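Protein chains: 2
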Amino acid sequence: MQPFSQSGCERLAQVRIVLVQPAGPRNLGSIARVMKNMGLSQWVLVDPQCDPLDTEALTMAVHGADLLYQAQKVQTLPEALQGCVQVLGTTGRIEQYPPEWQIQSPRQAFSSLLAKLESGPAALVFGPEDRGLSNEELALCQYQVQIPTDAVYPSLNLAQAVGICCYELRTLSCERSDFIHPPTPLAPFELVEGFFQHLETLLLQIGYLHPHTARRKMLKFRALFQRAGLTVAEVALLRGILRQLGWVQKTLRPSHRIPPEEEPPKPGS
Amino acid sequence: MQPFSQSGCERLAQVRIVLVQPAGPRNLGSIARVMKNMGLSQWVLVDPQCDPLDTEALTMAVHGADLLYQAQKVQTLPEALQGCVQVLGTTGRIEQYPPEWQIQSPRQAFSSLLAKLESGPAALVFGPEDRGLSNEELALCQYQVQIPTDAVYPSLNLAQAVGICCYELRTLSCERSDFIHPPTPLAPFELVEGFFQHLETLLLQIGYLHPHTARRKMLKFRALFQRAGLTVAEVALLRGILRQLGWVQKTLRPSHRIPPEEEPPKPGS
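In the order they appear, the protein sequences are chains A and E.
Once you know that position 117 of the first sequence is 117 in UniProt numbering, the rest is easy, because the numbers rise by one and skip nothing.
Once you know that position 113 of the second sequence is 113 in UniProt numbering, the rest is easy, because the numbers rise by one and skip nothing.
Same shape as in the complex, but just chain A (with noise of 0.2 Å):
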């Protein structure tokens, strides 16, 4: 068996997995090792229920043990994904889900993940044990990922859902040294989001959103723009917008503001 490239897997090292509130130190262990085997070193640990340093955790990563010590460990998901350019949330249930969200295999999903790598950093979300991760926690996610699983039985033991993951990581990512494109600068987590807000207040504003459908519609909304996968020049030019409107709004006199009840004329139809 010919080694495998070292340049392409180095770029696992941008990779950065991400556990919400995971509960068994067993589990811990077992992903330190596994993450260890396929090369990768980053982990946020949000909210952990259970300490990574346990007897239990240190036996199961035999000489992953390293990972545990490095472990960081974050209050909230927003942080653990603070810098990241792509973030990928992780689902196993079958539950329903928004109808724009468009679920993935971790082959597709990994391979336009690994192809747009060079533009920073890269989050892969795991929810708890218990409940994984919830359609909020999900939708703060640019893409939505799923291991298939046969139906009689689909719940993946967590720490087997991450050595999947990144074992699937790893075989892309050495396996292919083709970079599509030269690299846009993506925009982190955090810029996206303020983006989000703006658009959200701005569109209640203007009685296009009612605050009580707002949360639905700004799914959408996401989705949308998710799923291109906004660039640094792009949010500027979209809050360019959202403040140009923003400055129109203002100067309308109250009575000519829409109020949030009522449905504007539709032009055209």
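Rather than coming from a laboratory, the hints here were simulated on the basis of the structure.
Everything numeric in this text was worked out from a predicted model, so none of it was measured.
Careful, some of the hints might be misleading.
If chains are identical, the list can't say which one is meant, so a pair holds when it fits in one copy or spans any two.
[Unchecked claim] Pairs of lysine-lysine residues, derived as BS3-like cross-links and limited to a Cα-Cα distance of at most 30 Å, are as follows:
| no. | residue 1 | residue 2 |
| --- | --- | --- |
| 1 | 73 | 116 |
| 2 | 250 | 73 |
| 3 | 116 | 250 |
| 4 | 217 | 73 |
| 5 | 250 | 220 |
Here the structure of chain A is known, so what remains is to put chain E in place on it, guided by the hints.
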């Protein structure tokens, strides 16, 4: 997510997992679970060094415990391979192998395995946790398979190795019907063009675009939305915003409209 086609995945019932002298009950439990997750059910334990019905095994298996009861036990590897027309042995060692062996990645090896699966059962053999398969045992196999790992720490946990192989088998086996979502109706050319025209008109009206730079700037928006691939529903949403904004703009008294040449104030700058 659409269920994967049964016809492709059904082939997995022909694949037998063979474990030589497994010694860890937790590993057996994890393997039972991940095999069931991936739709495999046949396994044989060669001279097992622990009880597959040990409490730890049952705990780890969760809803895969039925496989622990079904595991077949034999004394020698040749017995476990009875009836198999294809035999693949896994190895994690980085030692010298006989030069005639062509060690393959799971993706390479399983592709040909699955292509020939109609001919009869196939076996995938894993060695004991502490030493892996010997060269003598590997010599009983037609093909030798190695999961790609990082040279710094190549030794995978047995359950992780089996999990990764089962995932790879399932993905290759089911990927011909790997349509995870029914296609969303994408917007035809003329609908997307109608949106771009509408957007340009409005951005000119609010003074965000200026006639002499409109074309160049619109190219940037076109690139963003075309990269996303707009659906019919998304075009309707976006045009809804534009209609609402057009209505807001019309309520402005002429004195409040922004002259096209004027730069608006930049809030926050």
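Hints and how they fare:
no. : hint      : result
1   : 73 - 116  : within (26 Å within a copy, 48 Å between copies)
2   : 250 - 73  : neither (43 Å within a copy, 52 Å between copies)
3   : 116 - 250 : neither (40 Å within a copy, 42 Å between copies)
4   : 217 - 73  : neither (33 Å within a copy, 42 Å between copies)
5   : 250 - 220 : both (27 Å within a copy, 27 Å between copies)
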